[in-house]
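Participant: Hey, can you work out the whole structure from these sequences and the hints?
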Amino acid sequence: VNRLDPGEDYVVNVQSGKKPYWAGDDADEPLFTRVNERELQRPTYKTFIALLDNYSAECGDDEVITRTESAEIWAFLKAVYQTAPMQFAHKYMAANSDGEVPSDPAEFLQLLKKIWFDLYFRERGGRPDSSGFEHVFVGEIKEKNGEKEVSGFHNWVQFYLSEKRGEVNYKGYIKPRSRSDAETNADDQILTLQFEWHGVEKKVGTSFIGVSPEFEMALYTICFLVGQEQNTIELDTGDDCFELNCRCYKMARDKIGTSFVEASAHWEE
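Residue numbers for the sequence shown follow the numbering used here, so the first one is 887 and each next one is one higher.
If you are wondering where the hints come from, they were derived from the structure by calculation, not from laboratory data.
As the structure is a computational prediction, the values presented were derived from the model and not from experiment.
Think of the CB as a built atom: it goes at the ideal place given N, C-alpha and C, for glycine as much as any other residue.
Among the hints, a few may not be true.
The calculated DSS-like cross-link candidates involving lysine-lysine, where the alpha carbons are at most 25 Å apart (straight line), are [claimed, not checked]:
{"no.": "1", "residue 1": "Lys-1089", "residue 2": "Lys-1028"}
{"no.": "2", "residue 1": "Lys-1050", "residue 2": "Lys-1000"}
{"no.": "3", "residue 1": "Lys-1000", "residue 2": "Lys-904"}
{"no.": "4", "residue 1": "Lys-1136", "residue 2": "Lys-1034"}
{"no.": "5", "residue 1": "Lys-1000", "residue 2": "Lys-1034"}
{"no.": "6", "residue 1": "Lys-1034", "residue 2": "Lys-1050"}
{"no.": "7", "residue 1": "Lys-1141", "residue 2": "Lys-1030"}
{"no.": "8", "residue 1": "Lys-1141", "residue 2": "Lys-1088"}
{"no.": "9", "residue 1": "Lys-964", "residue 2": "Lys-932"}
{"no.": "10", "residue 1": "Lys-977", "residue 2": "Lys-1136"}
{"no.": "11", "residue 1": "Lys-1030", "residue 2": "Lys-904"}
{"no.": "12", "residue 1": "Lys-1030", "residue 2": "Lys-1136"}
{"no.": "13", "residue 1": "Lys-977", "residue 2": "Lys-999"}
{"no.": "14", "residue 1": "Lys-1088", "residue 2": "Lys-1050"}
{"no.": "15", "residue 1": "Lys-1061", "residue 2": "Lys-1088"}
{"no.": "16", "residue 1": "Lys-1061", "residue 2": "Lys-932"}
{"no.": "17", "residue 1": "Lys-932", "residue 2": "Lys-1028"}
{"no.": "18", "residue 1": "Lys-1050", "residue 2": "Lys-1141"}
{"no.": "19", "residue 1": "Lys-1034", "residue 2": "Lys-977"}
{"no.": "20", "residue 1": "Lys-1089", "residue 2": "Lys-905"}
{"no.": "21", "residue 1": "Lys-1034", "residue 2": "Lys-1088"}
{"no.": "22", "residue 1": "Lys-1141", "residue 2": "Lys-999"}
{"no.": "23", "residue 1": "Lys-1050", "residue 2": "Lys-1028"}
{"no.": "24", "residue 1": "Lys-1061", "residue 2": "Lys-999"}
{"no.": "25", "residue 1": "Lys-964", "residue 2": "Lys-999"}
{"no.": "26", "residue 1": "Lys-905", "residue 2": "Lys-1061"}
{"no.": "27", "residue 1": "Lys-904", "residue 2": "Lys-1088"}
{"no.": "28", "residue 1": "Lys-932", "residue 2": "Lys-999"}
{"no.": "29", "residue 1": "Lys-1030", "residue 2": "Lys-905"}
{"no.": "30", "residue 1": "Lys-977", "residue 2": "Lys-1000"}
{"no.": "31", "residue 1": "Lys-1088", "residue 2": "Lys-1030"}
{"no.": "32", "residue 1": "Lys-1141", "residue 2": "Lys-904"}
{"no.": "33", "residue 1": "Lys-964", "residue 2": "Lys-1136"}
{"no.": "34", "residue 1": "Lys-1028", "residue 2": "Lys-1088"}
{"no.": "35", "residue 1": "Lys-932", "residue 2": "Lys-1000"}
{"no.": "36", "residue 1": "Lys-977", "residue 2": "Lys-1030"}
{"no.": "37", "residue 1": "Lys-964", "residue 2": "Lys-905"}
What follows is a list of derived Cβ distance ranges for each label pair [stated by the list, open to error]:
{"no.": "38", "residue 1": "Asp-984", "residue 2": "Lys-1034", "range": "33 to 43 Å"}
{"no.": "39", "residue 1": "Asp-1140", "residue 2": "Phe-974", "range": "39 to 49 Å"}
{"no.": "40", "residue 1": "Val-887", "residue 2": "Gln-996", "range": "24 to 34 Å"}
Facilitator: Shown next, in the form of structure tokens:
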């Protein structure tokens, strides 16, 4: 298991809950109190982090993949493919895709590269300014109805590193519906957050906390390639159970536009 353990490898301070439409900052402190950064030197974390500074946050800014960045992409994909979650995902998808997911490892890596990293434009007539990986794991800033908003940005490592640099202001958590008296606390490995990134707000964003890059990529890839636009998942983390809706949408015909989870229910065992 390549995930980090709450309370051991990292500590979060969830502070106050709020409704998505509540204005104001209900969290005086950062979300992450500490992270053992030695754990981020594991191969998939290290190669994942190397990708995070390859993108411009603003939608509409041209993205260009340099030779160095291309090498970083392949280093990450090869590291991810060596892990149990992606090995399981590959076998499952190859067996359940009517031939659309190749069983050959090299061909499968090419498919992963295409759906996650090939560039496309988010607005008709625009220039290549986005990819599935950038949107889901790094985040983007777009303009909607004359106002800027954060789009994507569903990864806890990116959140932690951005918060550490002073680029993220955590504003509180959004509590999912509960089947019991389950409380949102520092042990939860699914959190729905409100925050600002580069001074621009994201009203609601759900992230796994402490999980590995390969777990998220495997889950989202399964839902995208052999699932539906909306996929109901029940996740048992040991102390807590969550009912999740994993949502996946296409862009540019056959590439990931976005993929993320929504927490629809939370209860304790």
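Participant: Give a verdict on every hint.
Facilitator: The hints, checked one at a time:
For the given pair, Lys-1089 sits about 14 Å from Lys-1028 by alpha-carbon distance, which is consistent with the 25 Å threshold. A threshold of 25 Å between alpha carbons decides the hint, and for Lys-1050 with Lys-1000 the separation of about 31 Å lies outside it, so the pair is violated. Distance check on the hinted pair: Lys-1000 and Lys-904 sit about 38 Å apart at the alpha-carbon level, beyond 25 Å; violated. This hinted pair checks out: Lys-1136 and Lys-1034 have alpha carbons roughly 23 Å apart, not beyond 25 Å.
The suggested pairing of Lys-1000 with Lys-1034 is violated, with an alpha-carbon distance near 29 Å, which exceeds 25 Å. A distance of roughly 23 Å separates the Cα atoms of Lys-1034 and Lys-1050; the hinted pair therefore holds under the 25 Å criterion. Our distance criterion of 25 Å between C-alpha atoms is met by Lys-1141 and Lys-1030, whose separation comes to about 23 Å. As the CA atoms of Lys-1141 and Lys-1088 are separated by approximately 24 Å, the hinted pair is consistent with the 25 Å bound.
Simply put, Lys-964 and Lys-932 have alpha-carbon atoms about 13 Å apart, close enough for the 25 Å limit, and the pair holds. With a C-alpha separation of about 22 Å, the suggested pair Lys-977 and Lys-1136 falls inside the 25 Å cut-off, and the hint holds. Restraint check for Lys-1030 and Lys-904: satisfied, since their Cα atoms lie roughly 23 Å apart, inside the 25 Å limit. Among the hinted pairs, Lys-1030 with Lys-1136 is consistent with the structure: their alpha-carbon atoms are about 20 Å apart, no more than 25 Å.
Straight-line distance between C-alpha atoms of Lys-977 and Lys-999 comes to about 17 Å, which keeps the hinted pair within the 25 Å bound. Annotation: proposed proximity of Lys-1088 to Lys-1050 holds, straight-line Cα distance about 18 Å (limit 25 Å). Our distance criterion of 25 Å between C-alpha atoms is met by Lys-1061 and Lys-1088, whose separation comes to about 15 Å. Proximity of Lys-1061 to Lys-932 is assessed by CA-CA distance (about 31 Å); at most 25 Å being required, the pair is judged violated.
For the suggested pair Lys-932 and Lys-1028, the alpha carbons sit about 28 Å apart, so the restraint of at most 25 Å is broken. Straight-line distance between C-alpha atoms of Lys-1050 and Lys-1141 comes to about 31 Å, which puts the hinted pair past the 25 Å bound. Taken as a hint, the Lys-1034 and Lys-977 pair is broken in the structure, with Cα atoms around 41 Å apart against an allowance of 25 Å. At roughly 9 Å between alpha-carbon atoms, Lys-1089 and Lys-905 fall within 25 Å of each other, so this suggested pair holds.
Between Lys-1034 and Lys-1088 the CA atoms are separated by roughly 10 Å; this keeps the pair inside 25 Å, and the hint holds. For the suggested pair Lys-1141 and Lys-999, the alpha carbons sit about 10 Å apart, so the restraint of at most 25 Å is met. Only pairs whose Cα atoms come within 25 Å are accepted, and Lys-1050 paired with Lys-1028 is accepted, the gap being roughly 23 Å. For the proposed pair Lys-1061 and Lys-999, the alpha carbon gap of about 35 Å is over 25 Å, so the pair is violated.
For the hint linking Lys-964 to Lys-999, the alpha-carbon distance of about 10 Å falls within 25 Å, and the restraint holds. Annotation: proposed proximity of Lys-905 to Lys-1061 holds, straight-line Cα distance about 8 Å (limit 25 Å). Between Lys-904 and Lys-1088, the direct Cα distance comes to roughly 13 Å. Compliance with the 25 Å bound is thereby established for this hinted pair. Restraint check for Lys-932 and Lys-999: the C-alpha separation of about 18 Å stays at or below 25 Å, so the hint holds.
With a C-alpha separation of about 21 Å, the suggested pairing of Lys-1030 with Lys-905 holds against the 25 Å cut-off. Using a Cα cut-off of 25 Å, the hinted pair Lys-977 and Lys-1000 holds, with the two alpha carbons roughly 19 Å apart. Proposed proximity of Lys-1088 and Lys-1030 is supported: the alpha carbons are some 12 Å apart, at most 25 Å. The suggested pairing of Lys-1141 with Lys-904 is violated, with an alpha-carbon distance near 34 Å, which exceeds 25 Å.
A C-alpha spacing of about 24 Å is found between Lys-964 and Lys-1136, which places the hinted pair at or below 25 Å, so the restraint holds. For the hint linking Lys-1028 to Lys-1088, the alpha-carbon distance of about 11 Å falls within 25 Å, and the restraint holds. Straight-line distance between C-alpha atoms of Lys-932 and Lys-1000 comes to about 21 Å, which keeps the hinted pair within the 25 Å bound. Our distance criterion of 25 Å between C-alpha atoms is broken by Lys-977 and Lys-1030, whose separation comes to about 40 Å.
Restraint check: the Cα-Cα separation between Lys-964 and Lys-905 comes to about 41 Å, which exceeds 25 Å; the hinted pair is violated. The hinted window of 33 to 43 Å between Asp-984 and Lys-1034 holds, with their beta carbons roughly 42 Å apart. In this structure the supplied range 39 to 49 Å is violated for Asp-1140 paired with Phe-974, their Cβ-Cβ distance being about 23 Å. Checked against the hint of 24 to 34 Å, the C-beta distance between Val-887 and Gln-996 comes to roughly 28 Å, which is consistent with it.
The structure is inconsistent with the numbered hints 2, 3, 5, 16, 17, 18, 19, 24, 32, 36, 37 and 39, although it conforms to all the rest.
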